[in-house]
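Student: Now for the letters of each chain:
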Amino acid sequence: MCLIGQYKFPGEVIRINKDRTTLTRNVTVEVFEDTSGLVLGDEARCLNYPLSMELGPGLLGQIVDGIQRPLSKYFEQAGGFIKRGLNFSALDRTLKWKFRPLLQDNDNVTGGDIIGEVPETSSIVHKIMVPPNIKGTIKEIADGGLFTIEDVVCTIIDDKKTAHPINLYQRWPITIPRPCKKRLLPVIPLISGVRIIDCLFPVTKGGCATIPGGFGTGKTVMQQQFAKFCDANIIIYIGCGERGNELADVLEQFPRLVDPNGKPLMDRTVLIGNTSNMPVSAREASIFSGITMAEYYRDQGYHVALMADSTSRWAEALREISGRLEELPAEGGYPAYLGRKLASFYERGGYVEICGSTRRTSSISIIGAVSPPGGDFSDPVVQATKRFIKTFWALDPKLAYSRQYPAINWIDSYSLYIDEVKGWWNDNIDDEWGNFHSEMMKILHEDYEMQDLVKLIGADALPLQKQLTIFTADLIKKSFLVQNAYDDIDQYCSAQKQAKMLRMFVSYYNAAATLLEHGAALFKLQEMKTVTQMARARKEIKNSELEKIDEIVEEMKKEFDAIRKELA
Amino acid sequence: MALVSQAIRKIEGPLIFLDTIPKVKYNEIVRVQKPNGDLVLGRCVLVSDTGVVVEVFGGTDGLDVDNTAVKFTGDVFRIPVSEDMINRIFNGMGEPNDGGPDIIPEIWLDINGEPINPFAREYPRDLIETGLSSIDTLTSLVCGQKLPIFSGQGLPHDELAARIITHAMIFNKENTEQFLIVFAGIGIKNDTAIYFKSTFGRTKAKTVMFNNLASDPTIERLLTPRIALTAAEYFAFTKGYQVLVILTDITNYCEALREISASKDEIPSRKGYPGYMYSDLASIYERAGRIKGNKGSITQLPILTMPNDDINNPVPDLTGYITEGQIVLSRALFGKGISPPMDILSSLSRIMKDAIVGKTREDHADVMNQIYASYTKALDIRALQSIVGEEGLSPLDKKYLAYANDFEMQFLKQSTDTRRTFNESLDIAWKVLSNLPKSELIRIKSSLVEKYYKI
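Order-wise, the sequence lines are chains S and R. Once you know that position 293 of the first sequence is 292 in numbering that gives the first Met the number 0, the rest is easy, because the numbers rise by one and skip nothing. Once you know that position 247 of the second sequence is 246 in numbering that gives the first Met the number 0, the rest is easy, because the numbers rise by one and skip nothing.
Bear in mind the hints are in silico, worked out from the structure with no lab data behind them. Positions of the beta carbon are idealized from the N, C-alpha and C atoms, including for glycine. Among the hints, a few may not be true.
Unchecked claim - If you only want the chain S side, here are some residues facing chain R, beta carbon under 10 Å, derived:
no. : residue
1   : S35
2   : Y73
3   : E119
4   : Q252
Build the full structure now, drawing on both the sequences and the hints.
Tutor: Below, the structure is given as structure tokens:
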């Protein structure tokens, strides 16, 4: 890091050249501000540490820019616009936190061990940890009380007899991953409350997913949906090169909304906001800043979900800087190291055993939005991202145009976590979930294969069984896959409700198909009263009134029985 | 302020290359004196220990290497603003060209502005009633939003903008005094400029007009939108106006950007446009919005013509990623005589969802969703009809066709002088939706269907 010019604009050294003959060094500095007004001969002062995050209590509920400058402080000091040359420390130095020690003098500790805790917000207790690279014995630990983040609360003596003072915060360089003990296979789904995601294309705690889509297909709404309802403990939301009004929306909504545990959403959220009109270089840093914070909370034992909206804007920042450095461009003008950079981001997610003396596990799930030009998935960023993720939610403009939201295309999307999460669903929610999942996918795929034919000859010319498949697929699309993010009841669908609805639709299809084989009239099966009830279930049955779905299923059985009797 | 002569090494396109000069600031404004005594403005775009590059607004015609003087002002580009600007007409550089006196400045403002702090933004919620059914019902315009019109050559985007200028009102607000329209013509034809001037004569709203004409130097096109927005920011955030900014045509702006970029030997990205075009456009569009504790707002209505009607061209594509929705015009509808020819399926307003709740009628959101869903289905049936013929369709399919026709002819089509309120538009929507049986209206809550369905 260094400070440039009379206003001390922060910058980072990104290239060093040493001249063989004169032994002088030329450095290239990327400045995190607009550089208008800089003069040849201006001073550049090196700070001798890399670009780092301050990690400690006070992070949650904050909104910071790409290099962790608190935007609320700017508002207090400079009003509505971001003035250049104002620098604030990331964490408040004056605030006092209530520290409670959990260890005693002379305890042996190793990196990652929790020495005490601080209640940070209503929902999160902040764990004060031994920094990863320190091992030794506690010489002295403070009694409980109020401390600022710079106060020393503990001193550790290592085996070389060096004393390490520990205060309430740590610094960590953003480009270096924080260590963990062991990587584990992710097996628990991250429940989002969105049916098409949880039931058809799930992502796990510790998994990586991407949402590519052109503009207007609903990437941001999906990201916000995750931030609001997913069952992670901590949310890191990175608004990277996106719209200012969208961040304003998040900032206005989150303090009012509550998470599935009834606590204010903002209390578990860190927002990183580097909108499209803020400096490009800070945009490039923002996703690494975010993942560093995510790792810090992961090390405390929390499940973290990180949303990056959008990684295309980040890649464009990379391209812009690379262009200015006159590097040779690869595909689409992006630098040749795009894939490596993306990997160094996505690979920091995962389900892990964290550092420390006891065995504890936690995870970081990453959900990255990609905005390919023209919605074309052959874009280099989409293709490079696909190599590092296992769940792919392809957004389809055709679905979006007909307001079939979430506009996830059920044919092009995939999830490679199905086998991993099947066990969890079967054990915890519905023991036949795995079968129902496969059957629903089968109905949708059969329907897709027949669509071309339907366009040519019309649905009425097909065999009856095929017509039933098309009818059911249509019902599933309009009443199960569709979900209204702005409807009070529909916006969040609990795992239990999802499983019951999945079972309801698939059993309707199976029973109807059997009756059809025995000669029942198709129109009778289509015009059953319960079909309308099924269609309205998503909007009219609350998560707390699931018995109503059972009632529909009972009713449906009676209707089927009546049709069967007529046949006999 | 340093005066330099005899330092010019090379002149190329809009750029002049000078020897290195001490204490020159990056981005500062430069005055260039031509050999014949004329003064033109320029901006310092590169400072290095081997030389300085200046970009000259107004072109480098008539400059020479020996007899041209360059004066460094030490400041960035600023324009004078004051409330006297209302109902005046300026050129693309912000100088009055309506024959009236110069503006007595209240303050000089940097035309690049400063980014609005996202933390300070107030989420836009107040609606603008444009009087057009298609926009009001399906893609409502909100104060503080940026909603572009994606058009093509030969489509009536100017007419649409003119209708919005004449009919737009802040919805449900008594005080319309503080409504101001700022118009920025970027590389527009003389005819277009005259057309808008006459439109302003007809509207009750206050106006400020900036015109960069097609015959003006290209490089000035990069300044015109920034100058217009600087004036808009002054009116909105210092004087508390609700400002509607119309920028036309963004495609000309992007072509100017490409031309300048090419002359600077920059590495081109898609279709020759520079790689930083997204950030550059964002620095214009993101100047729309509202600020906490300030009653003013800036709403942007940029107009762009899609080259060859291609929505994937970088200009509409990057714009769509920054703005909060888009209004797309359709050549097919225009051909059928439907005006305004809004292609509803690809049009969208992202922030209407919160703005309409509790403000317009209770059925607005559901009706909107239903119109979209049914219209998509109707278009599929229309495509099927062209293969199997009318006889091959089921009775329900025929109802859908009737719905689509009524929708286009009664709802979308609106004559130039009619202004419809939100409720009038919704009533027409119910009239056309009632072509369909109740059981098909599954996007609408059953209670609302009972209340508004017309038999």
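Student: Now tell me if each hint is right for this structure.
Tutor: So, going through the hints one by one against the coordinates:
The closest approach between the C-beta of S35 of chain S and any C-beta of chain R is roughly 4 Å, which is under the 10 Å cut-off, so the hint is satisfied. Taken as an interface hint, Y73 of chain S checks out: its beta carbon lies about 5 Å from the nearest beta carbon of chain R, inside 10 Å. Taking 10 Å as the C-beta cut-off, the interface hint given for E119 of chain S is violated, the closest approach to chain R being about 20 Å. For the restraint placing Q252 of chain S at the interface with chain R, the shortest Cβ-Cβ distance is roughly 8 Å, inside the 10 Å limit, so the hint holds.
In this structure, only the earlier hint numbered 3 is contradicted, and the remaining ones agree with it.
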